[in-house]
Structures are given as C-alpha cells and as structure tokens.
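Undergrad: Chains as they are written, first to last, in my numbering: chain A, 1 to 145; chain B, 1001 to 1404.
Any given hint might turn out to be false.
The list that follows gives simulated cross-link-like pairs (lysine-lysine, BS3-like), each with its CA atoms no further than 30 angstroms apart [claimed, not checked]:
no. : chain 1 : residue 1 : chain 2 : residue 2
1   : B       : K1140     : A       : K42
2   : A       : K108      : A       : K24
3   : A       : K81       : A       : K24
4   : A       : K42       : A       : K81
5   : A       : K17       : A       : K81
6   : B       : K1140     : A       : K17
Only some residues are given here: those of chain A computed to face chain B with a beta carbon under 10 angstroms [said to hold, decoys possible]:
no. : residue
7   : D3
8   : L7
9   : Y8
10  : T13
11  : L38
12  : C39
13  : D41
14  : E62
15  : G63
16  : C64
17  : T68
18  : G99
19  : M120
20  : C124
Hints listed in this document are in silico derivations from the structure and should not be mistaken for laboratory results.
We treat Cβ as the ideally placed atom computed from N, Cα and C, and that holds for glycine.
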Amino acid sequence: MSDLRELYLEMVTDHAKNPRHRGKAEPCTHIGTGNNPLCGDKIVVTVSVNDGIIELVKFDGEGCAISTASADLMAEILVGKTPDEATSLFTGFHELVAGEGNVDVPKKLAVFSGVREFPMRVKCATLAWHTVLSALEQGNEVSTE
Amino acid sequence: MTTASIVDNFPALRQSIGDKSLVYLDSAATTQKPQSVIDAVTRYYEHDNANIHRGVHTLSQRATQSYENARKNIASLLGANRPEEVIFVRGATEAINMIAQAWARPRLVEGDEILITEMEHHSNIVPWQIVCEQTGAILKVAPVLDDGSLDIEAYKSLLSEDTVLVSIAHVSNAIGTINPVQELCAFAKEAGATTVVDGAQACGHLQVNFQEIDCDFYAVSGHKMFGPTGIGCLLGKYEVLQEMEPWQGGGDMILSVSFEETTWNDVPFKFEAGTPNIAGAIGLGAAVQFIEGIGYETMVSHEQELLAYGRGVLENIEGVTLVGASEHNAGVLSFTVEGVHPHDVGTILDHAGVAIRTGNHCAEPLMRRFGLSATCRASLSVYNTTEDLDRLGLAVQEAIRILG
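Given the sequences, and given the hints that come with them, work out the whole structure.
TA: Put into structure tokens, the structure is as follows:
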C-alpha cells in the first residue's frame, strides 16, 4: 500500500496551507482557466511575460492540497524561465507523477513523486501546469490597463 | 435475516485495502452485490444463455421466463399496477432521457414549462435542458432551503397552467433529503402537469409504491438496489405508456415490419428495442428477492439508526460541518472538513480502508446553492454497522491531523 506520508510531504502540506503565490499577476499578459470537473476544482493562472521571459506567475481558485501546492511551487519555479523551458519542465514533471518516474526534476518538483502511487491524484498535480501552458501557448494577451 | 448476518451475503465486503479491512460507505454511488445476485447472473450465463422472446428452444424459453419473472418481481416490489408498466432500460439516466425524448419532445411547444428542483442529479437536469433546447420549452427550478429540504411553498408557486411536466428526485443523491413525492405529485396534477419521480436513490433504501405516489413515471436504477450495473427500469402508467411514442427502433419493439408500414409491439416491448440486458434484468430480479428477504421495514430502521449515529460521530469532530442534514433524510452523510479539501479527505480515508465519495456528486447546482464546490459523502446501506462509522470518524480525525 502506498504511503500517505510520501504524498503529503511537509513541503507539500506547507505550500497547500500557506500558498505564497495566490493572487493575480500584474501586469497580466497571459491568463488561463483550468477545471477538474471530477472534484470541482477551478483554477485561474495569470502570468507576466516580458521580453520572452516569465517574470511573475500567480494563481487563484479552489483546490485540494495537491493541486494548491503544485500550483504554488510551479509559480515559484517558472519565474525567470522562457515558455519553452516551462514546457520542458512540465514534460519532466508529468513523467515524474504519471510515468516511470526515472527523471531528473528540480527539487521543488520532486516532492510530488509520491503522487505516482495515487493515480487518481495525477490530475490534481498537473492541473495548474496544463492551465499555465495553455495560457502561454494560446498567447491569450490580456489588456494590462 | 438479521442485520448482523446481512454483511455475510456480500463477498466484496470481505477484503482489505492495504492492511485495513474495507469499510464501504459509497452505496449511493453503487451498492455492493449480494451472492444471490452474482449467482443469478452466473447461472443465466452458465445454463440458460439464449435470446429472449424469439426462440422455440428450451434455453430461450428459460431465459424469457427468467427475464419476465424479473419484471413481475419488480412490479410487485414497487407497487406497479401490472408488470407491463415496467420497462427495462440501462438505468435511471436512460429512463429519464426516454421520457424527455419519447414523451416530452413530441408534446412540448414553445413557452411550455418543465419544473425540477435545485437538488437534482445532473441526470434529472440535462435531459430536460436538451428537450427545452429542442422545443423552446422553459426549465423552472424550485429552490432548496438551508436544511436541504425542498421549499414547498416556492415549488407550489412555480406550478402554473404552463407547467407541462414536473420531475423530482425521490431522494437526493448528494445530501439524502427524502422528498414528499406523493404530496408534490398531487400539487403538480392539480396544475395539470405530467409527473416524473427520479427514484435512483430510493428503491434500495425505502418502500416505494408507484400506485400510492401516483406519478406518471418513476425511474429506477438497478445497481443502486443491489442489482448489476447497466440495468434499471422506467415505471410508467399503462395508459400513458400506450400513448407514448417509441424511443428507439429495432427488433422486438415491432409487431410487423414492411417498407411501407411498421406497427409497434405492445407495451412494454414497444420500448425495449434490440436484445436487452437479459443477465442484468435477471440479476435485478434476484436483488428484488434479496430486498424482500430483509424487508424495507428492517432496512429503514437500520439505516435510520446508523444515520443518527453517524451524524453524532461527525458532529463531535471539531471542524466538521454536515451539509443539508434535513429531518427526513435517507442514509447519506454529506460533510465538509474545515481546512481540508474533500479530495484530500477521500485519499486519506481510502488509506484507512474507508471508501467514500468526494466531489460535487453530479449535483453542481446544489453544491453552488450551499456555496461549495465539493463535499465528502458517506452513504449507508443495510450492510453497514456502527463500527464502520467509528472508523469513518477516526479517519476524518486523521485527515485533520495531517492537513487541518
């Protein structure tokens, strides 16, 4: 039986209870909305991209501990990256939580390796990532005024 | 059968999740199956497997007889006037869709109204939205009060001469409210409306009498009353069914076919096109016998005792709030835990061997009415015990310890 402690590591519960990146990114250049109809989670991710570099990521909405912590740590790790780097980070992250897991990811993402043992929770861990990538890809330009 | 020995009939309940024995508190999603139902399905496939209503050979006769006996058993359990009032369908969802498309669609005109309630399952909302889109009819919704019961005064005021059809849950799947359907149907009839009761959550828990409720249609889910999945019934008043157009065309639903003219078979066969779920119907027939063996009286008192006990267990945990715990409730405990998302509660409970449902329970509008996106739902059945609810309480406390 998979271990609960592997899923709810201290860093995960800490970021779930006290997210640092809740809110709206200003100026907001990209915005995306994600839904997980199974559990009713909804998330809005806003991004400031300047000169091809992600300067700020914020999220808002309601979600479980896994989706909240994942959104918060994602917001942290994407700062300073290009959209392409964001995509490759997600590829690694997805492999970590839903694949074989033999993958090198930054420490802050590695805390989600326990999710692999809980297949029903993979969608929770990846919701914010799908949302931010769709925002970046669709280039949903939002007025900053 | 005593309630203590009832659990022995359910092989799936004798298992462990990891190192914890299973506590199954998700019967509103689907009930576990007694051995007699499993055996009836197996016996059909092992001995009697044949198509029905069309073979002169022995196996076909046996299969037909078992299938039609199941229809009789259901008619008798649910108080239909005659077996022909029972139409086999895939489940309550298909039953409601059939009414929407075969009864409502040809009859509705622009401006007509369909009245439902705020506590409906999506399967008693979406089929009506579809038929409203097709016909120009308008969907009206009667609100729910804070305790989770229906606002009956508001319901009455929404009934008018424009109300063509009313469709109400007998029991709410999300919070367990038991609606006074007999009374609600009487008001609807006074307004001249045709009445539908969604009985998906009722038949496995409380005595249903189709004639007493006096509705025109009653939707039944087989797998929520100890039967197999993929089988259910639409009960319809015989004269209403006679006038209703067929929904699907195919074999078995016709008397004669030519390229110029086809004539329909009689009720209920007119509505059972194609080879039906024969094994499922036979399994459901066995489920009916299982329920009769226990008796609804025993089931109701057992579940009501458990409900009161479970409410006590949860109310004693700081941070737990019951949602929609009305006075007339079936065995459903819908609750939230302060600071812990239902999805996390579900995972932590599963780890403790306790199976509950978390989410919006296919009742998004009701969740919204309570300002929630999701709840935890522990739902009871005749095989549950007070120990199950103690285990629920301990597991909820564990969730609070980890994440609260």
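Undergrad: Let me make sure I understand: some of the numbered hints might not hold for this structure. Which ones are they, in numerical order?
TA: Going through the list in order, the structure violates hints 6, 18 and respects the others.
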